[in-house]
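Chains G, E, W and A are the protein sequences, given in the same order. In terms of the working numbering, the first sequence opens at residue 1 and continues consecutively. In terms of the working numbering, the second sequence opens at residue 1 and continues consecutively. In terms of the working numbering, the third sequence opens at residue 1 and continues consecutively. In terms of the working numbering, the fourth sequence opens at residue 1 and continues consecutively.
I should point out that these hints are in silico values taken from the structure, not numbers from a laboratory. Misleading hints may appear alongside valid ones.
What the hints assert, rightly or not - Listed next, the in silico SDA-like pairs over lysine to any residue satisfying Cα-Cα at most 25 Å (straight line):
1) W/K154 to A/N40
2) A/K33 to W/M281
3) A/K33 to W/G297
4) W/K365 to A/A164
5) G/K133 to A/E191
6) W/K154 to W/S54
7) G/K128 to A/N40
8) A/K153 to W/V250
9) W/K154 to A/Q39
10) G/K24 to E/S52
Chain residues, written in single-letter form:
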Amino acid sequence: MNEEIAFWMLSAIAVLGALVAVRKRNLIHGVFALMVFFAGLAGLFLLLLAEFIAAAQILVYIGAVGILLLFAIMLTERVAGDDGRRMTSRGWFWGLVAAVAVFVVLLLPPIQQFPSPEHARAIEPSVKELGEKLMHPYVVTLEVLALLLTAALIGAVTAAQGVRMPKEEDSPE
Amino acid sequence: MTLHHYLILAAVLFCVGLIGVFTRRNAIVVLFSVEIMLNAANLNFIAFWRYSENPALLHGPLFTLFAIAVAAAEVAVGLALVIAVYRHFKTVDLESMDTLREE
Amino acid sequence: MSSATATAPNYELIQQDGLDTGLLEVSMGPHHPSTHGVFRMDVKLDGETVVDLSPVFGYLHRNHEKLAENMSYLGSMPFTDRLDYFNSMTNNWAYALAAEKLVEIEVPERAEYLRVIMAELTRLVNHLSLVGFFVNDLGALGTPLLYAFREREKILDLFEQASGARMMCNYFRFGGLRNDVPEGWLDRAREVVDRFPVFLDEYEKLLCENEIILSRTQGVGNLSRDLAISAGITGPMLRASGERYDLRKVDRYGIYDRFQFRVPYSDGDVGDCYDRFIVRMLEMRESIGILKQALDGIEHGPVLGNAPKVFKPKPAEVYGRVEAPKGELGFYLIADGTPKPYRYRVRPPSLINLTVLRDMCLGQKVADAVIILGSIDIVLGEVDR
Amino acid sequence: MSPDLVRDILIATVPLMVIFPTLFAFTTWLERKALARIQNRIGPNKVGVPLTRYGGRFSLFGLGQPLADGIKMLFKENIVPRDADRLFHLLAPILALIPAMLVLCFLPIEFPWTESLLPVQAFLLDGAVIFFFAITGLNTLAIFMAGWASRNKYSLLGGMRAIAQMVSYEIPLVLSAVVVVMMVGSLNAAEIANAQAGWNWFVFTPWGLAAFVIFFIASLAETNRSPFDLPEAESEIIAGYFTEYSGFKFALFFLGEYIAMFAISGLAVTLFLGGGAGPGIATLPWLSAMWFIAKIFALIAVMIWLRGTLPRLRVDQLMGFAWKFLLPLSILNILVAGFAHFIPQENIVSKVAVWVVSLGILYMAAKGLNQLNRPNVRPRDYKYAE
Chain G
1 MNEEIAFWML SAIAVLGALV AVRKRNLIHG VFALMVFFAG LAGLFLLLLA
51 EFIAAAQILV YIGAVGILLL FAIMLTERVA GDDGRRMTSR GWFWGLVAAV
101 AVFVVLLLPP IQQFPSPEHA RAIEPSVKEL GEKLMHPYVV TLEVLALLLT
151 AALIGAVTAA QGVRMPKEED SPE
Chain E
1 MTLHHYLILA AVLFCVGLIG VFTRRNAIVV LFSVEIMLNA ANLNFIAFWR
51 YSENPALLHG PLFTLFAIAV AAAEVAVGLA LVIAVYRHFK TVDLESMDTL
101 REE
Chain W
1 MSSATATAPN YELIQQDGLD TGLLEVSMGP HHPSTHGVFR MDVKLDGETV
51 VDLSPVFGYL HRNHEKLAEN MSYLGSMPFT DRLDYFNSMT NNWAYALAAE
101 KLVEIEVPER AEYLRVIMAE LTRLVNHLSL VGFFVNDLGA LGTPLLYAFR
151 EREKILDLFE QASGARMMCN YFRFGGLRND VPEGWLDRAR EVVDRFPVFL
201 DEYEKLLCEN EIILSRTQGV GNLSRDLAIS AGITGPMLRA SGERYDLRKV
251 DRYGIYDRFQ FRVPYSDGDV GDCYDRFIVR MLEMRESIGI LKQALDGIEH
301 GPVLGNAPKV FKPKPAEVYG RVEAPKGELG FYLIADGTPK PYRYRVRPPS
351 LINLTVLRDM CLGQKVADAV IILGSIDIVL GEVDR
Chain A
1 MSPDLVRDIL IATVPLMVIF PTLFAFTTWL ERKALARIQN RIGPNKVGVP
51 LTRYGGRFSL FGLGQPLADG IKMLFKENIV PRDADRLFHL LAPILALIPA
101 MLVLCFLPIE FPWTESLLPV QAFLLDGAVI FFFAITGLNT LAIFMAGWAS
151 RNKYSLLGGM RAIAQMVSYE IPLVLSAVVV VMMVGSLNAA EIANAQAGWN
201 WFVFTPWGLA AFVIFFIASL AETNRSPFDL PEAESEIIAG YFTEYSGFKF
251 ALFFLGEYIA MFAISGLAVT LFLGGGAGPG IATLPWLSAM WFIAKIFALI
301 AVMIWLRGTL PRLRVDQLMG FAWKFLLPLS ILNILVAGFA HFIPQENIVS
351 KVAVWVVSLG ILYMAAKGLN QLNRPNVRPR DYKYAE
C-alpha cells in the first residue's frame, strides 16, 4: 500500500518533470524541471531499495550535471533566459507519432516475454557489498571508468577552451 | 507493484526524452532529452535487478553506477562541444548549424 | 584619457578568444553599501572583471561655491565644515589661510599651536576612519572599523569640548580661533595622544601582517608615480605612489617649520592599495609626534587677533592651501573690494584623487574596485560640494 | 500507510523540526551578541520576555530579540521585483530550506525518544553520509534560483559566485570525509559515530586532524560563512543572491542558512568529533544528544569568531585556495591515511613513529603548497622624507 502510493506519486513527478523539461521554452525552467525528474527517479530507485544508486543519482545528476547545464545555458543564452525566440513546433506531431511507435515497440516484447514476478524478493540493501563487488570482480571496469572520466575531463576542458590564437602583437603601445 | 509497472514507466520516460530529441532545436535541450532517455534505461536496469531471481549479484546497480559515471562524462564533453559550437556559430540552434548543406 | 589606457590591459585583445557572453553592466551606487556616500560607478563587467568604469557623481551637489560668493567672507566658514565632514578643522584652516592672506591678519602664537593640534587630531580621525572603512570594504564586517571608531570617539570628544560640536566644528576664525580651549583640555588631549600609540600597535598587529589583507591589497589598484603626478594626485595617495611631497614641508604654513617630523612614502613605483593603507598608518605615528611637540610647546596667550567680522579686502587673488588628510585642500579667492568674494573656488583633494579611479580599476575584479575606491578615501561632501 | 509508521516518522522528524529552528533563534542572538562583544559593542540587550510590557523588567540579555526579529520578518511586506520570475522567486527560499532540514535527519543524534524507532532513523541508512552530501548539494540550486529569479545583477553575480564556490569546495569536503569512511569501512553515520566511542575521536589522529581542518574550512565555504561569504558579500554585491528578498522569504533564507550550518557542523561532529560521545553518557544516555549539540555549538562559535575577525577573500583567490591548496592536500591526506592504516602498529613505538611521520608529511605538504600558491606578497619597507 505504502509502496503503491509512493510509486504513483514518484512516477507522476518523474513524467511531469520530464515533459516540462523537454517542452518548456524557458531553458532555466527546463533545467529545473529536469532536476525534478532526476529527483523523482532517485525516489524510485530508493523505492527499489537501490540506496546507493539513488544517492549517486542525486549527487551526480542534480549536483553536477544540473549545474553544468546551468553553466552552459548561462554561457550560451542571454542571461535573462527566455529570449522569446521561436521554438519549433513543426516536428511536434511527427515527434509524438515516432515516440509512441517506439513506445509500443519497446514494450511489446518484454511484456509478452517476461512473466512479471508478482513480488520482489526481500533483500538487505548494502553499500558495502556493492563496494566489494566494485573492488573484486569489476575492478578493471572501475579503472577503465576512472580513465574515461579523466579523458572526458581533459577533453571537455580542451573542447570548451577553444583554439587559442597566438596573439599577433602583444603590446601595441 | 510489479515489474511491468516499472517497465511501462521507463518506456514512457524514454519516449518523453525521444519527443524532446525529435522536436527541440536547442542543442542543450537535446542533450538533456538524451539524459532523460538514459535515465529511463537506468530505471529498467534497477527494476529488472529488483525483480530478478538473484539480486545478490548486484548486476543492476553496478551497471547503473557505470552508466551514471559514463553519462556524467558524456554531459561534460557534450556541453563542452556545445560551447565550442556556440563559440563558432554564435548560436546553439541545431538547425542553423548546416554548413554542409548545399544552399 | 590617453594615459589611462596605457596602464589598463588592452581589453579588446583579451576578448578575442573568449566566449562572447556579453558584458554585464552594473550600476554600483548611488546607494551601494560601499561607495562611501551617494557615489555611483557604472561598471562594465566581464564575469567578475572590470572592463570599463565611469564614476558618476553630483548627487550631493549643494552649490557650495556659489553660496559662498553671496555672503560675507566669514559667513561661509561654517559651510566649509560640510565639505569634508570628517575633517572640518582642516577645511576651516585652509579657508582661514586664504582669507588671512587676503587681509594680512596676524595669528597669535597660542592659536597657531592649537591650529596644529586640531589639524593633526583631525588627521588621526580621518586616517583612522579611512583604515576602518577600508578593511570594512575588504569584508571584515566592521570589527576593525569599530575599533577605529572607539579611538575616534575620544578625539571627537576633545573636539566637542573645544568647539561645541563633534563633526561640524566651525572652530577657526580669521586671525585665530573662535575661543580658547577649556580648562584641562590640553591635559586630556595629552592623555589621548599618549595612549594612541598603544592602539596603533594593536591595530598594526591585527591588520598589517594579515595574510588575507596582504593578498587582497598588494598589487591591486596600482597607480604609477608618473600617472599620479600628471593627474594631480596629492596627499597620502601621491606619497604611496613614491613621490615625497607634503605641503607641511613644502609650504611650511602655520608653524609647521618648528616641528620635527618625517613624511613617510613608498619606496617602490607600485602605489597599490597596500601602500596607500600603510602610508596612512605611518602618517598617524608622525602626527602623534607633532602633537606631542605641539602640546609641549604651547603657551598661554590670546587665541584671536583683532580681525573685523566683516571686511572689504582690496581687489586681489589669493590661494590658501593646507595638507588636509586627504591631500591638498585649497581655497582660491578673488576679492573685488566688496564684502563678498567675487569668486570662491575649492580645490577638493577627494575629487581630484578620484579622477584616476578608472585607471586603477580596469582589469581588476569587481571586489577590487570597491577596495580601490575605499583606498582613495573620498568624502562625497567634498567631491560634489 | 500503516498508522504505526506514520507515528514513528512523526516522532522521528517533528522534534528535529522544532529543536533546530529554536536553536537557530538562539544562535542568531548568540551571533549578534558575540559579534557585538568582539566589536566593542553590547549587542541586543533590550528585548526581553513579553512581561516587560507589563511592569516587570526582564530584559534577559536581549534573549527576546530573535522573537522580535521573527515577528518583524513575518509582517514585513513581501516585495517581488516587477521583472522577477515570480514562481522561482517564491520557490527559491523554500528550496533553500528543505535540503537543509532534510539532512538533519542524517545526523546520528540519539534523542531519548528515538530508541524505539530505529527502523525509521535516516542515519541508519547504509549510505547516510553520501546522502548527506548529495542533499546538501541541492542548496546550490536554490541559491542559483534566487539569484537568477530576482532579475538583479547583484543577485545574479551572487548566484554565480555561489555555484562556483560551492561546487569547488564540495570536492575537498567530500574527500576529507572519505578518510573517515575509509577508516570505519562504512557510510553509515551511526556506525561512524559508534566507532569513535570513548575518546577515539578521529580528530585525535594526524590524518583525522588534517581532514577535520580541511572539512571545517570547506564547510565554511559551503555555508557561505566569512571569510568565504562572497555570494552575499555586502561591500561588493549588496546582499548577493538575496538582495531582492524581504520579509518572510528572507527569513526562510536566513533560517536555511543557519540550519545548513547546524547540519554541516553536525556532520563534522559525526565524522571527526566522536558524535555524541562524551563523559557521562554511560550512566545518563540522554546526555549523548546534549554532547552532540554542544559540539555543534562549539563549531558554530568558531564560525562566529571567524566572522568577526577575518576579511573576505577575492573570487580568484577563493577558487585557487580550493583547487590548488585544499584539493591536493586532501588527496594526499587520503594517501597518508591509507598507508598509515596498513602499516602494522603493534606497539606504542611504531604507533608514535607512524603518527609523527604522517603528521610531518601533512605539515610539510601544507607548508609547501602554501609556498607554491602564495601570491607575491610581503611586508614592504617604507622610507621617510625629512
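Hints violated by the structure (numbers, ascending): Failing hints, ascending: 2, 3, 6, 7, 8 and 10.
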